[in-house]
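Once you've looked at the hints, dock chain B against the given chain A.
Protein sequences appear in the order of chains A and B.
The first sequence runs contiguously to residue 266 in our numbering.
The second sequence runs contiguously to residue 319 in our numbering.
These are computed hints drawn from the structure, not numbers from a lab.
Note that the coordinates shown come from a computational prediction; the quantities given were computed from them, not determined experimentally.
From the three backbone atoms N, C-alpha and C, an ideal C-beta is built for every residue, glycine too.
A couple of the hints might just be wrong.
To be verified - Partner residues aside, some chain B positions facing chain A, computed with beta carbon under 8 Å: (1) P62; (2) A77; (3) F170; (4) L174; (5) R266; (6) L267; (7) K298.
Said to hold, decoys possible - Label pairs and their calculated CB-CB ranges: (8) A:L111 with B:G95: 33 to 41 Å; (9) B:L166 with A:L111: 33 to 41 Å; (10) B:G199 with A:T73: 20 to 28 Å; (11) A:S65 with B:S307: 46 to 54 Å; (12) A:L35 with B:E232: 38 to 46 Å; (13) B:E224 with A:T55: 48 to 56 Å.
Said to hold, decoys possible - So these bits of chain B aren't anywhere near chain A, every CB distance computed over 12 Å: (14) I36; (15) E53; (16) G95; (17) A132; (18) D200; (19) I211; (20) P231; (21) G253; (22) D270; (23) S303.
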Amino acid sequence: MTAQTMTEPAPPPAKPRRPLLQSRVSGVLLVLALLVLWDLSARFWVDSTSWPTVTAVLAALFSGSADLFAAFTSTISLMLKGFVLGALLGVAGGIAIGLSPFLRRAFTPLLEFLRPLPVPGIVPPLILLLGIDDAMKITVVAFSTFFPVLINAAQGVRMVDPVLIDMARTFRHSRLRSMWQLTLPAALPYVFSGLRISLALALIVTVVAEMIAGGTGIGYYLMTMQYAMQPDRMYAGVVLLAATGYALNWLLLLAERRLLHWYSPG
Amino acid sequence: MKNLATSTLYAAAFALTPLAATADELTTVRVSTIPIIDTAPLQVAITKGFFEEAGLKVDTTPTAGGAVGLPALASGAVQFTFSNSVSIALGASQGLGFKVVAAGSFTADAAPDIAGIVAKPDAGIKTGADLAGKTVAVNTRNNIIWLYAKAWVDATGGSSDDLTYLEVPFPQMLDAVKGDQVDAAFLVDPFLTAGISAGDVAISGWPYSEIQPSLPVGMYAATEQYIAENPETVAAFVEAYNKGVDWANENAGTDEWAEIIASYTRLTPDRLAGLKILPYYKVIDPEALQPTMDLMLKYDLLSSEFSASDLLHDTVLAK
Chain A
1 MTAQTMTEPA
11 PPPAKPRRPL
21 LQSRVSGVLL
31 VLALLVLWDL
41 SARFWVDSTS
51 WPTVTAVLAA
61 LFSGSADLFA
71 AFTSTISLML
81 KGFVLGALLG
91 VAGGIAIGLS
101 PFLRRAFTPL
111 LEFLRPLPVP
121 GIVPPLILLL
131 GIDDAMKITV
141 VAFSTFFPVL
151 INAAQGVRMV
161 DPVLIDMART
171 FRHSRLRSMW
181 QLTLPAALPY
191 VFSGLRISLA
201 LALIVTVVAE
211 MIAGGTGIGY
221 YLMTMQYAMQ
231 PDRMYAGVVL
241 LAATGYALNW
251 LLLLAERRLL
261 HWYSPG
Chain B
1 MKNLATSTLY
11 AAAFALTPLA
21 ATADELTTVR
31 VSTIPIIDTA
41 PLQVAITKGF
51 FEEAGLKVDT
61 TPTAGGAVGL
71 PALASGAVQF
81 TFSNSVSIAL
91 GASQGLGFKV
101 VAAGSFTADA
111 APDIAGIVAK
121 PDAGIKTGAD
131 LAGKTVAVNT
141 RNNIIWLYAK
151 AWVDATGGSS
161 DDLTYLEVPF
171 PQMLDAVKGD
181 QVDAAFLVDP
191 FLTAGISAGD
201 VAISGWPYSE
211 IQPSLPVGMY
221 AATEQYIAEN
231 PETVAAFVEA
241 YNKGVDWANE
251 NAGTDEWAEI
261 IASYTRLTPD
271 RLAGLKILPY
281 YKVIDPEALQ
291 PTMDLMLKYD
301 LLSSEFSASD
311 LLHDTVLAK
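Isolated chain A (complex conformation):
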């Protein structure tokens, strides 16, 4: 008998049972607890026509589902157009700025000047230029999507290990090839974190634009329901908006994991 057989490999230890509060369930529990608190507050403490119970909101979610579906379809299609436009411009601009110190010096002051402009501030002048329709709203969404992507892409390009670039040059790779095979993949994780910031922003900005210049979409729906004294329907829209934001972020994370399977942060 060898030593090996004597010390039988122990069966893999049973997965340790994690206490409830350390598991994922705790996040869901917190949401549920807050919903219960909301419902109780609407029933017993807050006496206001604009604070409905959770059950009323859930009922409005079902009874208004056709309206909500139409509103969300319009909002998300608008958001995606603006987001894609802003993201493409942001990636292109970010790479250019990341690669060229000259462009970086030339554009940084302008970008830093434009970046903090709040959306409600740029909508009225944009109405004069682009009207009140989709062109104006898509521009606003693209504007706010652009900056996080640009800044992250530029950062990503600059973070490429210079040794790798030198090595590529030693092997006589063309500039285009090292850009495509080195710089872009290395910048991709940064671009993705920019995209995730932008996606959340894009949803917010689309809704704000619809609230200011309305007619369609969830932003207009929220305003109309507020003015029609139907807060249950308004909050149904808000709840769905939160769920949409969550889902969009999750989808982007999924895409990120697919595309960046080789990359592990930290």
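Here is chain B on its own, set in the frame of chain A:
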């Protein structure tokens, strides 16, 4: 990107070229509206086909707050905008060429009105003098609500400079009064009726009808340039709209009327049932509008005298 460029071009072309009307083709006009009961005749005229009979296809672009209607009119993105007399006059005085082409809504000739100043029932606020040092909620500063709040305070023994005007959107005003964030609020329907019938607030005064009964408040504006280039379209629009006025006055309170109102305001039947329904008119008397212009001058919204008859186009004057 291509989409954006084409739609931008389209918007620009749309703004510049006058719309050609042919016999069998409807002329499309865009109207910026606010989804409130004041715009009922317009919605009636759309639903009942009065515009189509007049050769027009009316596209409405509603904005809940109404903030973009006049900028959109100035830019040519829309051809007609429903707004209030003060905002239209303000734009006209700034050289934007706004003219009132059709009447919209008037306030009541006596209390109870469609808008009023409210406070908590036990607050004891009955006059402008009672508001000294206090805070009153208005939906926007420098608009008609703000102007008549000031005028009412001065007219009822107070001093309009002695109080703070806080911007609070109409849907939040009742909560602001109940939560003591403001002492009073200039509230409109349906919030006014809802707050009073629930006993949360009581009326302190009716600024509009106490200062001037049957005050013209809401109205439709177009630009001088558009009116000059499209006189037939403007005339057809006003004629069809006025048919909507007649229909709304004759059928107010009927089921069909309620259905039309509910379809665009999204008010529930019980809220609709509680609303005061006022008559709509087709003409605006310059004499009735002039006091508003004079108040604008008094409270520094205008820097020089402004004549109401300069604001009113022929289509809204008595024939």
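Evaluated hints:
| no. | hint | verdict |
| --- | --- | --- |
| 1 | P62 | holds (6 Å) |
| 2 | A77 | holds (4 Å) |
| 3 | F170 | holds (7 Å) |
| 4 | L174 | holds (7 Å) |
| 5 | R266 | holds (4 Å) |
| 6 | L267 | holds (5 Å) |
| 7 | K298 | violated (28 Å) |
| 8 | A:L111 with B:G95: 33 to 41 Å | holds (35 Å) |
| 9 | B:L166 with A:L111: 33 to 41 Å | holds (36 Å) |
| 10 | B:G199 with A:T73: 20 to 28 Å | violated (42 Å) |
| 11 | A:S65 with B:S307: 46 to 54 Å | holds (53 Å) |
| 12 | A:L35 with B:E232: 38 to 46 Å | violated (58 Å) |
| 13 | B:E224 with A:T55: 48 to 56 Å | holds (54 Å) |
| 14 | I36 | violated (7 Å) |
| 15 | E53 | holds (25 Å) |
| 16 | G95 | holds (14 Å) |
| 17 | A132 | holds (28 Å) |
| 18 | D200 | violated (8 Å) |
| 19 | I211 | holds (26 Å) |
| 20 | P231 | holds (24 Å) |
| 21 | G253 | holds (19 Å) |
| 22 | D270 | violated (10 Å) |
| 23 | S303 | holds (22 Å) |
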